[in-house]
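My request is simple: use the sequences and hints to build the entire structure.
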Amino acid sequence: MITRIPSLIAAIAMGLLVAVPVSVSANDDVKALSADVNNWAMWGRTYDGARYSPLSEINAGNVGSLQVAWTFSTGVLRGHEGGPMVIGDTMFVHTPFPNKVFSINLADQTINWAYVPVQDPSVIPVMCCDTVYRGLAYAEGKIFLQQADTTLVALDANSGEVIWSVVNGDPSAGSTNTNAPIVVNDKVYTGISGGEFGVRGFLAAYNINDGSLVWKGYSTGPDDEMLIDPENTTHMLEPVGPNSSLDSWEGDQWKIGGGTTWGWFTYDPDLNLIYYGTGNPSTWNPVVRPGDNKWSMTIFARDADTGMARWVYQMTPHDEWDYDGVNEGILADIEIDGVTRKVIVHFDRNGFGYTLDRATGELLVAEKYDPATNWATHVDMETGRPQVVAEYSTDQQGEDVNTQNICPAALGSKDQQPAAFSPRTGLFYVPTNHVCMDYEPFRVEYVSGQPYVGATLSMFPAGRVTGDGTDNLGNFIAWDAAKGEIVWSVPEQFSVWSGALATGGDIVFYGTLDGRLKAVDANSGAELYSFKTPSGIIGNVNTWTFEGKQYVGVLSGVGGWAGIGMAAGLEGDTDGLGAVGAYRGLNQHTQLGGVLTVFALP
Amino acid sequence: MIQKFGVTVAGLVAGAMIGAGNLVVTAAAEGAEPPPYEGHIQCETEGDLSTCQIDLWLTRGYRAFSQCQVCHGLTGDGSTIGPSLVRKLREIDLDRFMEVVVNGYEGQIGVMPGWGTNPNVMNYIDQLYAYLLARADGVLPAGRLKRYDR
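Residue numbers (our numbering), protein chains in the order written: chain A, 1 to 602; chain B, 1 to 150.
Quick caveat, the hints were computed from the structure, so don't treat them as lab data. Treat the numbers as computed from the prediction; the structure is a model and nothing was measured. Each residue gets a CB set at the ideal place from its N, CA and C atoms; glycine is no exception. Please note: incorrect hints may appear among the correct ones.
Stated by the list, open to error - Covered by chain A, according to a simulated footprint, are these stretches of chain B (three or more residues, beta-carbon under 8 Å):
| id | region |
| --- | --- |
| 1 | 60 to 73 |
| 2 | 77 to 88 |
| 3 | 92 to 104 |
| 4 | 118 to 132 |
As the list claims (entries may be wrong) - Pulled from the structure, derived: some chain B residues nowhere near chain A, Cβ distances all over 10 Å:
| id | residue |
| --- | --- |
| 5 | Pro34 |
| 6 | Glu44 |
| 7 | Thr45 |
| 8 | Asp55 |
This is the structure we're talking about:
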């Protein structure tokens, strides 16, 4: 505390009024900050990841007259995911590699401080799908920055000075980080990226005061290293039993098996459970790793204090398509069959929207949220297993065979772009991809620190498979998680790769790859507002107030995996790849460059 | 084409010298001037690339290219991360190609890793070069191609 007082005094002297708590726990601090609708104090605004703000000054009746209030260039070119964090009169903006952090005074939009970490550029090529970074966490006067090179840093929120830093992984072995950490009680939680490099995934909890490791739970391997209790950790309400992971792999493949943890984390304070998903097993060639490959492709519910897994649910046993299970789990209380249930809702890469009881892991609903999904007919509600269609099984079709017209594509019906939930409408608002693929697995050798992919892919609009004459690559949908039904669906030319925002004004915001911030009616999906920002949007739309006025902000800056289909040049042909041609058209709409655009009513 | 072949031979020698121990020299006989993909592509209708098929040798080049896709785009035409290889292969010779693939390259926006120790690339470096050159020369379409020698 002593070290913080001078900087706090300095900050006050400089006219800053960051809400620095005095003697409460971080949990209380973060809870209080996120309960205050004027802030946007964590990635999902609240622990439940709902990305819902009760603010209603901007609403369905007036959003059409929204205007740009101010803009801010980050000076970084690569894909900008995540969104701005606002606490009191201060905004914190993060960037992709080199992972700059800016503290911005909302009164005059001047920079209070900027932190630019020094990172070895050799980490850049170890990041499979662009150098994205999804955001910061805040607690007790500290900003938590998860750098690409895996260094987790606590910065003084008032000065930008480093308080502590800790190394979370080894980039030379393929480990990197892209995820936003979260803080619960006295711990900051982070994961690891590198599934395409054979990295073994884990969730780690560090003490927020000194950075010491409190616990680490792996996704694969021996029970004790996964913090799994064979008797008490359940899957589909039954104990998982001993060696649940080891028995589902051949030999030592689990050691380089992936199950990385690069998505979003949510938390239920009443149950004290932290929720997240694990990524694909390595390699992308399923033939070389027989078995269910547990616990890749799995939702974990862990005790926040001890890390012990309460329950797990594996969406895609023995993945054959790269359907990472990392997408967020949104916590909501919704009525199912007349009973209000505490649920977690998860829109998986595999095209199914899952609703589970978040206390027990009981599977309640599993339905396709993109009707094009064809790799499985349905999920067996007794076993929880998807019923795989042989025609689209890259394992059954075999190595060196091009399995065609699989829906969705490897980037999933939804990727990292988080959905939103409005308690006013009871609906989930989901940014989706509408893309299918051909997938041909083949043998590759594992080399530490090198990509470990093992499949060739082609991607194209889902309409080429469904034969409905459409060529859109995305949809923005409203989803009823109790029934497992699409309520409305708005087609988008490109994949919707931006995090959604639902508000008390009964509007929903999202961004498009060609750079438009859009507002739609929460009940009908009707477009109410659209503005072309400087670059394609893969960031999340956030909202806050300053001096009593509501603002909406979003980072533009195209990139990420969505940008991989975006050609730098327009030469060459696309025979037989109409779809890639469609993505390729993206560069007629937008170019690189990170800019925050802030909107308000006139 | 004459110039390209001269470069190819020089490049293969240079490539072998910079540590690509697994290089398989498959260039045509001395005195001939075919590009390295010649003899590996068959097109049913001349001028219609959609009718082209390739052999296993060139398929291995396409598979090695899967390592490149994550940065250079699904078709190799570039992405927000890396430049178009279709265009690059028109600009650089095999020497330069080998140097960059083996040792990596630090660009203005991106950083390319060195692949010199990766058998999934280096064992098929000839095929990769031939595949990319075929794309650059406009004799193969983007995407996966059927094999005529299955």
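Non-interface claim for B:Thr45 versus chain A (Cβ beyond 10 Å): At about 12 Å from chain A, B:Thr45 clears the 10 Å cut-off, so the statement holds.
8 Å C-beta criterion, at least three residues: is the region 77 to 88 of chain B covered by chain A: Per the Cβ count (10), the hint holds.
Hey, does B:Asp55 actually stay past 10 Å from chain A on C-beta? The claim holds: B:Asp55 sits with its nearest Cβ about 14 Å from chain A, beyond 10 Å.
How does the region 92 to 104 of chain B fare against chain A when you require at least three residues with a CB closer than 8 Å, holds or violated? violated (count 1)
Verify this for me: three or more residues of the region 60 to 73 of chain B with a beta carbon less than 8 Å from a beta carbon of chain A. With 9 residues closer than 8 Å to chain A, the region 60 to 73 of chain B meets the three-residue bar; holds.
Outside-interface status for B:Pro34 - nearest CB in chain A farther than 10 Å: holds (22 Å)
Are there at least three residues in the region 118 to 132 of chain B whose beta carbon sits under 8 Å from a beta carbon of chain A? holds (count 3)
Given as non-interface: B:Glu44, which should sit over 10 Å from chain A by C-beta: About 13 Å separates B:Glu44 from the closest Cβ of chain A, which puts it past 10 Å; holds.
When the structure is compared with the earlier hints, a violation turns up for hint 3 alone.
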